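A.B. asks: Start from the sequences and build out the full structure, keeping to the hints where you can.
Chains W and C, in that order, are what the protein sequence lines are. All residue numbers in the first sequence are consecutive under this note's numbering, ending with 309. All residue numbers in the second sequence are consecutive under this note's numbering, ending with 309.
Since the hints were derived computationally from the structure, they do not count as laboratory data. No experiment lies behind these values; they were computed from the predicted model shown. One or more hints might be untrue.
One copy or two, either will do: identical chains are not told apart, so a pair holds if it fits within one copy or between any two.
Only pairs whose alpha carbons sit at most 25 Å apart, straight line, appear in this in silico DSS-like list of lysine-lysine [to be verified]:
#1 K24 <-> K248
#2 K248 <-> K200
#3 K92 <-> K263
#4 K263 <-> K248
There are 2 protein chains.
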Amino acid sequence: MTNIFALAIHGGAGTILRSTMTKELQTQYEQGLKDALSAGYTILEKKGNSVDAVAAAVMCLEDNPLFNAGKGAVFNNIGKHEMDAAIMNGKTLEAGAVCGISTVKNPVLLAKTTMLYSGHVMLAGSGAEEFALSQNLQFENDAYFYTQQRYDQWQEALVENKVQLDHTEKKMGTVGAVALDCFGNLAAATSTGGMTNKKFGRIGDSPVIGAGTYANNATCAVSCTGHGELFIRLVVAYDISCLMEYKGLSLKEACDLVVYNKLVAINGEGGLIAIDKAGNIELSFNSEGMYRASIDINGNSIIKIYKD
Amino acid sequence: MTNIFALAIHGGAGTILRSTMTKELQTQYEQGLKDALSAGYTILEKKGNSVDAVAAAVMCLEDNPLFNAGKGAVFNNIGKHEMDAAIMNGKTLEAGAVCGISTVKNPVLLAKTTMLYSGHVMLAGSGAEEFALSQNLQFENDAYFYTQQRYDQWQEALVENKVQLDHTEKKMGTVGAVALDCFGNLAAATSTGGMTNKKFGRIGDSPVIGAGTYANNATCAVSCTGHGELFIRLVVAYDISCLMEYKGLSLKEACDLVVYNKLVAINGEGGLIAIDKAGNIELSFNSEGMYRASIDINGNSIIKIYKD
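C.D. replies: Right, here's the structure in full:
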């Protein structure tokens, strides 16, 4: 066991500008990030494991209506919520993912339960919810997932016939966490409500192991947020791992190459959080802003929203 | 334009033994592989592109009740068919994938249509079928997807309460194709009916870009078949690409490392087909057999089932 542990979280990347943010709202976002950071870090401090820490941090963000995951999930084209989530254990390379679920309070907890108890990695739709029921997970009805802000965004999108990640701010609504625990184990988790007004059962990168979520003790843990289709096509999270393992790049070099070159080359707007086995943390994004926070191995914490 | 083009296909890997195969059935499998090879190769010969070639080969396998995809898809726990498919264009890194669909005749065609016209990469369930309807794809009812062999496998699995990839032969039921066209472009496609008696909307590696399906002109095109959960956790298809691009391995070296070492280390039974930009073909599997066939750049074809 070491005394080194660290945690990073994100609450989505996109066009987040000071000019369109009120002081009250900014304070609420910062408090939401602080709460989630605390939920995960408390576990790491008590010598808990990284899987539990990232799940706890993401559940806290899911329960916060400000973020596009869990309670704050956006509306799809028919006024429903379709949520995706994933989690991965860097020690064992075990993984769990769920997509297109509508009634489970904490999708990331269902992803974790899928990893631990289903014998599978990825479960979808009503089948995934049936599994959640068999595992006694908490369900919520449409009223719980209703937030006025998301409803207004959906109505606006319907009128304009637009599919938006998070309409008003063009925010890529996704939350995630990565952690290194005192046992030297890495983990990553991601959860999302997807795109406002989305159709056709669209699935983004969040629940795709290797694209939006990946963890491997040999390299790093990564959780992404952004234009999911482009993150899937570049297999972003595993690409960072491979650049480290096969090409010898540092975490920073790998993240810089993927976020500022490879993604930019195909107009892939967004960002990611990543941590390596030494506890180095990267919070990289090529968008205007990314809700992000971290506590490094020395206990120093940051909570940030904008580029500067 | 070059005069170099080549194609490889698979019809699933697993415990395929001479001792449990009749001569008649073997002939039918070989004819099925020959037909699919011909469907794809005809397109390449006429200077068609690799995306069309892999789609045509896979559609031919989907239409053949012997293989676990399309018409021959296995039954899930509630007597339905839940099919997944994916396709990727190595030139553009565009990709399309569908999962959990029950009524579309050719899932790989829906994956291709998703890639070309949806603006998304991955569509699921009834939403994906709604998109298929909007694109005038062909639908079929339960009677079309009914085959006595699959029904009997399901009944047997129900009694034993087992989830099997393809019960009788322990075959990993998946079909796929990879191709290099005369323009130097690579493509890969995969389609599956999943596991007999599967529950909870389980999704395997086939529709997961980077895991079961990947193509990149810079490296290779790969289509996998096997115990999907383990292929997802190792991000198998993209791992082969990264081993070539970042570590300088040849296609054969990369396939050998992943199939015979990395997968074996976690009991990941199965195999894959892969092709590189020079037209080198690998048909690798760590199971007893894999239905496979190819035509190389010199026009030499092989059709094989067993290890030897």
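A.B. asks: Decide, hint by hint, whether the structure agrees.
C.D. replies: Hints versus structure:
Proximity of K24 and K248 under a CA criterion of 25 Å is satisfied in neither setting, with 44 Å inside one chain copy and 49 Å between copies. In the homo-oligomer, the alpha carbons of K248 and K200 never lie at most 25 Å apart, since the shortest distance is 39 Å inside one protomer and 40 Å across protomers. Taking the closest pair of Cα atoms, K92 and K263 come within 25 Å of each other only across two copies (15 Å); inside a single copy the shortest separation is 28 Å, beyond that limit. Taking the shortest Cα distances, K263 and K248 sit within 25 Å of each other both inside one copy (16 Å) and across copies (18 Å).
Hint check: violations occur at hints 1, 2; the rest are consistent with the structure.
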